[in-house]
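With chain Z held as given, fit chain X onto it using these hints.
If you read the protein sequences in the order shown, they are chains Z and X. Quick note: the first sequence uses the numbering used here, first residue 255, plus one each step. Quick note: the second sequence uses the numbering used here, first residue 255, plus one each step.
A couple of the hints might just be wrong.
Straight-line Cα separation of at most 30 Å, DSSO-like style, residue types lysine-lysine; simulated pairs [said to hold, decoys possible]:
#1 Z:589 x Z:418
#2 X:589 x X:289
#3 Z:589 x Z:289
#4 Z:520 x Z:321
#5 Z:520 x X:260
#6 Z:321 x X:289
#7 Z:418 x Z:520
#8 Z:418 x Z:260
#9 X:348 x X:520
#10 X:418 x X:520
#11 Z:321 x X:321
#12 X:418 x X:289
#13 Z:260 x X:520
#14 Z:260 x X:589
#15 X:260 x Z:418
#16 X:260 x X:418
#17 Z:260 x X:418
#18 X:520 x X:321
#19 Z:348 x Z:520
#20 X:260 x Z:289
These are calculated hints, taken from the structure and not from any lab test. Predicted model, so just to flag it, every value in this text is computed and none were measured.
Protein chains: 2
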Amino acid sequence: MGVSAKMRRSLEGSSWIRRMFEAGAELAAVHGPGKVCDFSLGNPDVEPPAQFQAALEAVVHEAVPHKHGYMSNAGYPEVRAAVAAHLSTELGVKLSGDNVVMACGAGGGMNAVLKALLDPGDEVVASVPYFVEYGGYADNHGGSLVLASTLGDFDLDVAAIEAKIGPRTAALIVNSPNNPTGRVYPERTIRALGAMLAAASRRTGRTVYLVSDEPYRHIVYDGVTVPSVFAAYPHSIVVTSHSKDLSLPGERIGYVAVHPEAEDAKTLVAAIVVATRVLGFVNAPALMQRVAARLQGVSVDPALYRTRRDRLYGELTGMGYRVTRPEGAFYLFPKAPGGDDLAFVRALQDELILAVPGRGFGLPGYFRIAYCAEEAMIERSLEGFRRAIARFAGRG
Amino acid sequence: MGVSAKMRRSLEGSSWIRRMFEAGAELAAVHGPGKVCDFSLGNPDVEPPAQFQAALEAVVHEAVPHKHGYMSNAGYPEVRAAVAAHLSTELGVKLSGDNVVMACGAGGGMNAVLKALLDPGDEVVASVPYFVEYGGYADNHGGSLVLASTLGDFDLDVAAIEAKIGPRTAALIVNSPNNPTGRVYPERTIRALGAMLAAASRRTGRTVYLVSDEPYRHIVYDGVTVPSVFAAYPHSIVVTSHSKDLSLPGERIGYVAVHPEAEDAKTLVAAIVVATRVLGFVNAPALMQRVAARLQGVSVDPALYRTRRDRLYGELTGMGYRVTRPEGAFYLFPKAPGGDDLAFVRALQDELILAVPGRGFGLPGYFRIAYCAEEAMIERSLEGFRRAIARFAGRG
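Just chain Z, with the same shape it has in the complex:
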């Protein structure tokens, strides 16, 4: 005994991303770390923008009494107000600080939101492929994930989502720009989604909340912008972090914004705050809250990632890989040559290249490449990608 049976199952089914991480450590131990091309982790390799260090130093030198003490569990009022001011412009809906709760990263925010929404037995809909941790997040609060398919280009299939909504559905999670596909759902899709959710909520007699997990909002290419869910559906909640736009994933700073016209909006914010406390987060880290307030609207330059996308996308398609061109985030999600994602990821490992099989995102037959990786590594990997696909030539 000891560790719970439930957690033992979790450990056994431990995520593919983690398994790849471990496989990488083994390969690195044998061949030397400089030889392994690790595309398995979404850990930004671009440093925070220059303004970050200046803001951090300013905050560190600020003379404020009890500046590392507790504040309201929702976050500092002035930080929430700064976030609200920025979001009002970005999302096209007027927000106040009362609509914002500071969170320990998007993962912390997602858990606080789901704890506020879910009763045991409730369902949360998501579209495949998806970030598998969503399943754990729903389960944390007695809920379960119900999966809908996407269209061929990985756009949301609104009809497929609709078919999954029933009286137990508390929320739909969307993630755009998407991990693992890099897809940005277009405005027409988000509008259609909003209309469908309104109709589905009437049908079931229960408001389905739209939870938009959007930490990659500012990592977009070629003039693409991410449509506002707030403009499309009032019962919306935006969850995000500064993990990607400011390259601060280790600092766990993010926030939740509740549409001011969402059903139960005020109670929902209060519930998210209580959830933040009861889950043990208590509040988002104090110092990074103050830093974030000074950097609303600042972001790393997505061109740094676009260069990598262009290079890898161009080379891989030239080699015969079939892959939807990503519009944002820093992932490629190609079809696995031969059709078996596990077999293909193992073939890549033979080339000292680490990627994550599609089944790690609920969609076998594909694999994910996280190209938030230094350009030299990308160059070094190309021959390996070429040899791997050659081994599967004519097999799918």
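Leaving out everything else, chain X in the frame of chain Z:
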């Protein structure tokens, strides 16, 4: 609908500490904030030790690539090693970094530990009075709290705890120095507890883990030291934070240490790490991990709190309040004159003094004073305390 039924009940039953906080805000609005004596919150008023600012600045100026990026979910290896080295001395059991998981404060650590240990329906034993959030923590993971009484001086009642242990018992939580009583459980109690838990585990056929929540370990007075649970019982887990010893509660930095000889120790550490990720914490904040590594063994001077304890304890006992002299933490837990803690706390509010009724800690008939408060406020409050007890003279 909207917010879950379960969360609605939480909001309605919202903690007494929070209610006092709200009552305080109302009183401050009417009478002016400078008039209200707020003893309701355990928010350290002592600033972090001088070494903290130096360490923070050093870490902020350190040239380390990706210093705000993801690290292993367990924390930086060098930070875990620094904590382990310090704990090995403090707890008298040799630890390595592999026995330590960095956490988002003690609240984050407690949740990760309970998620690792609990299956639905499991029980966690705690002693009354207790920090009520423990109930929420157990419930988060499908468990429930079972409460044991304490002795007259608030020392643990080992026999009472033993009577609550059955086959569903996964863990016992102890908290020393204690919130709300300020009691430090003596060595003989901890030894007896260890022996009892070993026997109880044999009796039920299930190892009962001892989870020691000890953020106040370094806030102790008069030469008292906090005995090591690790020395008394191998199946022990220490959960703590730097919220009190470094006065950093807003920064959410703490850790979990698993006894190297605990049953299932290695799997348990792995499970705590997965729980940290799945709950959405992902990892303890990166920058504060590095700061904490430089400050192991550093603490605020408890004499700053002892002065307040001596003043309030001396004055209150002189007025006729009956209160156990605290040996640590920064709380007094007097008997409510008249016996009704709600009535007495309301009488204190009439004097513009805020305290928390004992029922907020599972023990009606007492009230909690958090004396982590500026000395001028303590002086200002004395007349009010005197008038309040006078109103209940001869009534209990």
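message = Of the numbered hints stated earlier in the document, which are not met by this structure?
response = Failing hints, ascending: 12, 14, 20.
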